[in-house]
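Chains as they are written, first to last, in the numbering used here: chain A, 1 to 163; chain B, 1 to 188; chain C, 1 to 383; chain D, 1 to 351.
What the hints contain is simulated information worked out from the structure, not anything from laboratory work.
All figures in this text were calculated on a predicted structure; none of them were measured in a lab.
Treat the hints with care, as some may be off.
[Claimed, not checked] Once the Cα atoms are required to be at most 25 Å apart in a straight line, the calculated BS3-like pairs of lysine-lysine come out as: (1) C:Lys304 to B:Lys160; (2) B:Lys24 to C:Lys310; (3) D:Lys87 to D:Lys97.
[Claimed, not checked] Here are some chain B residues the structure puts well away from chain C; computed CB gaps all over 10 Å: (4) Glu8; (5) Gln13; (6) Gly15; (7) Ala23; (8) Asp69; (9) Leu73; (10) Lys100; (11) Ala101.
Ideal placement from N, C-alpha and C gives every residue a C-beta, glycine not left out.
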Amino acid sequence: MTVQLGIFYILAAFVVWAAAIVVLGKNIVRAAVALIFTFCGMAALYVLLDAEFLAAVQVLIYVGGITILLLFAIMLTSGISSVTARVVNEQTPFSAIAAIGLLLGLIYASTRGNAAMAAPPRLPETAPFLGRLLLTTYALPFEAVSILLLAAMVGAIVLARKE
Amino acid sequence: MTPEQFLEQLRTQFGAALTEAEAKGSVLLLTTTADQGYAVCKALHDLGFEYLNCLSGVDWTTHLEVVYDLSSLHHAAKVHLRVKVDRADPLVRSVSDLWKAANWHERECYDMFGVRFDGHPDHRRILLSEDWVGFPLRKDYTDERLVPYTDYGLEEKQAKTEAGKGAPKPTSAAPKPPAPPKPPAPAG
Amino acid sequence: MSMTTPIPIGTQVITERLGETMEEMYVNMGPQHPSTHGVLRLMLKLDGEVITDCIPYIGYLHRCHEKIGENRNYVQIIPYTDRLDYLASMAMNFGYVLSVERLMNQEVPPRAEYMRVILAELQRIASHLLWLGTFGLDLGNFTIFIYCFREREMVLDLFEAVSGQRLNYAFYRIGGMAMDFPDGWIEQCREFLTWFKPRIPEYDALVTDNILFQKRIRGIGVMDGPTAVNYGLSGPMLRASGINWDLRRNDPYSVYDRFEFNVPVFDTCDVWGRFLVRRQEMIESVKIIEQALEGLPSGDIQAKVPKTIKPAAGQAYVRTESPRGELGFYLVSDGTPKPYRYKVRSPAFCNLSALTEMMRGCLVADAVAILGSVDIVLGEIDR
Amino acid sequence: MDAVSRAVESFYGLTTAWGIPWLIPALVIMTIVVSIILGYISVAAMFLIWWERKISAHIQVRFGPMRVGGWHGWAQSIADGLKLLLKEDIIPSRADKVVFVLAPVVVFAAALAGYVTIPFGPGLIVRDLNIGILYMVAISSLTVVGIVMAGWSSNNKYATLGALRSAAQAVSYEVPLVLSLLGPVILAGTMSMGRLVDAQGGTWLGFLPRWYVFPQIVGFLVYFTCALAECNRLPFDIPEAESELVAGFHVEYSGMRFAIFFLAEYANMFAVAAIATTMFLGGWQGPLTTQLPLIGVLWFLLKCYFLIFVMMWLRWTLNRLRVDQLMDFAWKVLLPIAFANLVITSLVVAL
């Protein structure tokens, strides 16, 4: 167990460090690249939790899709590289309160040994298991989400269409 | 329409303005003055000469000349129009609205001869750099970098052959071209 | 008629002509760019990938050809005409020599006339092959380039056997030709023709019938008939816009009227049409050469010409069909051995002036294809 | 390939006997395996570069490399590699150093990471993940990130344009790629590559091998076109369209970094061909595999190299597509076909 815990700590540190760069980084493109590494780190964490399917989907969707579109947006707005992102702004007190609240919540949950936080049950092959689950018990939310996505896509196309 | 018919029509239309007008073979040779140039071109354009082959400048030392070579895809006639232009203030109305081909040709004519084309959409030098001074193809164009080409050999050879023939004729009176000026100090 | 528009300096005109907001992106293609076929600078104003305006800048290869011409006598100018359109030197010599002969009303022996036609048509094939190769290269097809150059190499060998030169031949003389065909040349020429005829279907399989190739060049660089005539286009550019005009047949010079060949005309008015015209022209040229080789008369190849050529005062504008279009020479003579005024009407100069109109609304990738279809050679544009 | 697995078991047994925690031997095995994969890929990439030059030469009626290293210049790519090693690594002055240096690493890592789940032989698979094919596709989408990083960080207008185009191309070709791969997954009922290959053993009606390429011919063609687009191979090589954007995103790279990009492209090509063989052409299935275990590897490599040959063949005969044609082709042609194929296969399987 110690080895797995060790790897977990290394990965967690890596993810936190990359996330810090994303938030605190001056150059916006470097922040985007750091974001990619955060997602990869998270995917590794999923693998540690034996959720391989989730890890692969994480890499495919987040890294392969969303960050690419993010970089797309950055590149297409010309003159973006010269603008340095302002790191500190006025709402520091409010964000500080929110952050500390979240921290307390997490500490409370992990110290009380809540059942959900304990080691997850050894799942059999995740992919087919998830597939069956999605199309049986959770069929309704699955369909609802797909309709929502469809609507979003149609909206995007209508917006992007040149007048 | 044969060239002669074109000629009659142009004579009736312009009369004195066409200082010269004759049909040699299938080519109509016309000359006119600067202010009538555009009118003649317009008339020719409407007559059916919708293809401007070539627009070139010629420097006759007494005056400049803008030469239009027109042809038509339907009639077998060609036109060779020469427009005389004053050398001091060369100004001609641009024909780029009649034939778009004239656009670049006129810019080159301005670039090489200094003939200005009134109403030209993009009146800039085309081949030389924008800050070039002078108009190279004019006969009186002098440039210290330009070493006049001495005809090495040809005249001397002829002179020798005539002398060699024994008849002691005086060598040909062709004046020796002036010695090339000493190379200029390198421009700063 | 006072001067209305002051003479603006170049740069100032550009900013006010393209004065709109600067959010469009300027891309400079050239003068050092792999697909501008020489030193031509195209300033493209892009809106995303679409070209909104294109300003060609020429003059990088300007060698004051015409000023030199006025300081040389008529025979010395022949090697200079090679350097005009260095990919079709034979056609350039042919045009110049014809115009001087027209000025002097000089007769040319029939064998020389046939030799001229054979060499000019061979040069047309070589020039179109080079065009096809580089055109394929622009569109990303590397193999057609090698095939075309393999054939062009054989034509260059023929030229080298005849004139000793591979590019600038200076082989035509006023009133005839410099030398006669070496023995065995005619058989070598026939060998090339038999080798070359089945090659065109080979190119078709690789390029013409290839859907990807057609998709790339159909419908771009549109230039309809009347505007083409208005812009003074000539050669394949004109015949691809539906205008049936070829100087070799409409205004026959030399002995072209003795050969029967048909002139390919397509009315697709776009890059695809120009491609088809040039491809078909190669086949027609092969036909002309075969007929010329059959009818090659014997006899001397150089008419009696005075030692120093002094044409009577007068002027002549003679136009011939070079591979790129109507090549005109305007010669004004004043009785001295040097021409008083020597003007070259270059086909690519006029064809290039229509580039802006063809480029508007196309994509950057099309810009390369359109420029390729215009088939420009900067030597004759800049003179 | 039970010989290999027996050796691994005995090795584990030995180390536990000596009381070494299980991590060390696992690490040792992993390093051995990774080094084998790395060695194989770099050699394969080198070979592919040489092979491409020879194929393009013979297509174009010329010889290609003949002199370096004896018979048909086989050492040409090694010489190129050395040359690139000695070339100076230039970083443009106002380039974004960190991202500039990181880009080739990301591209090559993505190309390499894909080899984990490729079954080279009957037992020869690094880790038979049960989400094998999904992992492969996820990893292959990383190369695009690398390209975009390279394009942006070299601070060059042409490179940025190239990077933009390649991002757009990759995103629009990934969707039909994934969909076309689902066909065989439905037929085999599993995503793990190992079991996919097993499912393609045996024959139909005696002579036709049970490869998925026959029922899934449409899926295979869609996959193959998308694979070409993923590796930026002609006719989809807009990002480095030489004639327009002067070498696209890696215009500012030189020396070893450029070599990495180059090797990554060929490694990627091999990976894509490997996926195609595993999913559609029955991986290492072939006659005699039961008798001689090693023959499976041969079948696998033969199929892979045949597919790579087709890729190279296409490169030297077709010309490039325009960007908008490329996009329309992906969204308006490939995607509907991939969906239709998916629907039909699931219907067939359901009945």
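Q: Please name the hints from earlier in the document that this structure breaks, with their numbers sorted from lowest to highest.
A: 8, 9, 10 and 11
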